[in-house]
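*Asks:* First to last, the protein sequences are chains A and B. Take the first sequence: its position 172, counting from 1, is numbered 172 in the working numbering, and each next residue is one higher. Every number in the working numbering is 1000 more than the matching position in the second sequence, counting from 1.
By construction, these hints were calculated from the structure, which means they are not laboratory data. Fair warning: this is a prediction, and the values are worked out from it, not measured in the lab. Incorrect hints may have been included.
[Stated by the list, open to error] Each computed EDC-like pair below joins lysine to aspartate or glutamate, with the alpha-carbon atoms no more than 20 Å apart:
| # | chain 1 | residue 1 | chain 2 | residue 2 |
| --- | --- | --- | --- | --- |
| 1 | B | LYS1017 | A | GLU91 |
| 2 | A | LYS109 | A | ASP138 |
| 3 | A | LYS86 | A | GLU60 |
| 4 | A | LYS97 | A | ASP157 |
| 5 | B | LYS1113 | B | ASP1173 |
| 6 | B | LYS1017 | A | ASP102 |
| 7 | B | LYS1075 | A | GLU94 |
| 8 | A | LYS109 | A | GLU60 |
| 9 | A | LYS281 | A | GLU94 |
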Amino acid sequence: MTPGAWAGLLGEELRRGVRRAAMVSAGLVVGVAALVYIMALGAGVRRFVVKKLIHDLPAEEILVEIPETDVGPLRLGRSSLLTPAKSIDDEVFENIKNIEVDAEGRKIKPVKVVWRRMDAAFPASISGHLFGMAYGSDTAISGVDPGMVTEDVIRGDFTYKPGEEDVPALIPEALLDVYNAAFARSQGLPGLNPSYLIGKHFNMHLGSSSIAHSSRVIRRRAVIVGLTERGTLLGVSVPIGYVQEWNRIIGREGSADAYGSLLIELADARHVPAVSESVRKMGFRARSSTGLAERVSGIVTMITAGLGLLAIVILAVAGLNAWGLFKLAAWERRAVAGLWMALGAAPGEVRTLLMAEAVAVGAGAGAMGGLIALGACSITNHFVSRAAMSIPLFPSQLAVYHPGYALIGVALAVFIAVVAAWPNASRLARTDPAEILASQR
Amino acid sequence: MIRLDNVSKVYASSGSKAIALDGVTLHVPRNAFFAIVGRSGSGKSTLLNIIGGLTRSTGGKVVVDDIDLSSADEKTGAAFRNEKVGFVFQSFHVPGDRTALENVMLPARFSSKTVGGARRRAYECLEKVGLAGCANAVCSSLSGGQLQRVAIARALLMNPPLLLADEPTGNLDIGTGTEILELFSNLHREEGLTLVVVTHEENVASAADQVMTLDDGKFPEGSDR
């Protein structure tokens, strides 16, 4: 057969078998659409989690924390009564600064700088006025080394100055998002922007909250000097010297000497694994963006794979259905195939023609599934972007459609159609044409 | 044109064997009108299928138009069926969802060469069989006699030197059968075709130049008439 005649015959057979092709395609379309959609969702979720939630820890930084203690089903944190928590004190701070690792056969000190963070060991609350309305709230207070948040200070001086009236404070960016997306909407208040907040004062009630009180309460006025993502997530960050001072006066015993965490900055991100290992050997937990991203990415991949497996099951069922339909089609076309062979078609050509039909049906179904998935992704993103306007921290896009996913879907659909068609096409091509034609009398 | 030497065909399935042809030797000269008669199950159709390259013999030698079909590979066999032989079947085998013209043009599709003017040739063939006016008619709307004429036109498309017909009038009424028989005689006479017809109908056999009777897969002594 010449290629032109072959293509013509294939086109005719596909036109004649539109109904059959539609039946074979249905399952494949659903399976491919589900698979591509799941892959797009997985990619979107991974991107959101890794880029949006973990990006605040740059690649060359390691967060040192007190490890949680596993006691059966319980996970006890640093305040566990059963196990005395290991604390991060000045000695640990110095040891970490001087960590040595092997690099190209020699010992080097890869730590560039270590930032400290100390949590207030007392209840606290804040109060003030916003748009002429009084507000008040319990809060967490965290002290950070000023160098750690230098870039977050917009106006003013973020240093520990014991004699001054105003305490410089940083508020979390996320808190602003929460206020704008949820609180302001529900209360009918105007939205806030950073420039409005800078320079605003509020009062801090140290040792007093709505649920607990210390024996002594200190009242200080604070001034907002910037917004940060590196301090406490839902509270106020102040220079560490203030928290050390307040912990000494109203905090738990020893709390002025124990840091909540340390942030190590390395000169070279390649040393992250070695330094993390040294930190772990010292008995602390080391979190790096790389490790965390890998872990989260792994979890998302596992969930995606699980859902993808469901799509694969749909495709497998579609494959079985296609196999049955191709078998029926081969049986129905025995007479035609016998005639073709009597008129000069080689058995191999009959088989190839049926296989080409399967490839065409699979490719068509795969492309259709890919298009449906694209539509589903667009609809998902439309609703997600609408939801993002009212839900804090919510991504504006959740499904990341990549043409490569559709290509994988098409390849899979073609593969399934080919596998389903192959035994039937081969059996038909092996049949004696004389026998087929005689049986049609 | 056709030379068969000691050809046998045995069908074997699940331990049992059925001998369809048992040492058949036959020579059909070019331009002959040759009829093979015999009872049902005598091996007539098997013999015709072997001559046409549709079935391979299990023994002996089959040479048709200088092509040794006993040792031909798949591709050679397909080209032989496409170019050297035209088949006409009892049950027509004319797909009803195609037009007469599309059916007649089918063999050109399976040619290894580009067949120039296949459409014009198809019209000529339809004209030869008296169906020029039905070229674009869908075959499901044609009568049995018309379908057999379409099948004959299809068999002529590639201009083969050999026409093989298996009970060509078997599914037709007497009048239509006679018309088809006349058509075969004309084609044999005017086109110089070698015609081999398998039949159990005496009037068909009597139109042939030579008739041989097959009995239990053999040509018995004196079967030639």
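*Asks:* Against each hint, give a clear statement of whether it holds in the structure.
*Replies:* Verification of the hints:
Our distance criterion of 20 Å between C-alpha atoms is broken by B/LYS1017 and A/GLU91, whose separation comes to about 96 Å. The hinted pair formed by A/LYS109 and A/ASP138 fails the criterion: a straight-line CA distance of about 42 Å is larger than 20 Å. A threshold of 20 Å between alpha carbons decides the hint, and for A/LYS86 with A/GLU60 the separation of about 25 Å lies outside it, so the pair is violated. Using a Cα cut-off of 20 Å, the hinted pair A/LYS97 and A/ASP157 is violated, with the two alpha carbons roughly 26 Å apart.
Distance restraint check for B/LYS1113 and B/ASP1173: the Cα-Cα separation of roughly 39 Å exceeds the 20 Å cut-off, and the hinted pair is therefore not satisfied. Between B/LYS1017 and A/ASP102 the CA atoms are separated by roughly 82 Å; this puts the pair beyond 20 Å, and the hint is violated. Between B/LYS1075 and A/GLU94 the alpha-carbon distance is near 84 Å, which puts this suggested pair outside the 20 Å criterion. Of the pairs offered as hints, the one joining A/LYS109 and A/GLU60 holds, with about 14 Å between alpha carbons and a cut-off of 20 Å not exceeded.
Distance hint between A/LYS281 and A/GLU94 is fulfilled; the C-alpha atoms sit about 15 Å from each other, no more than 20 Å.
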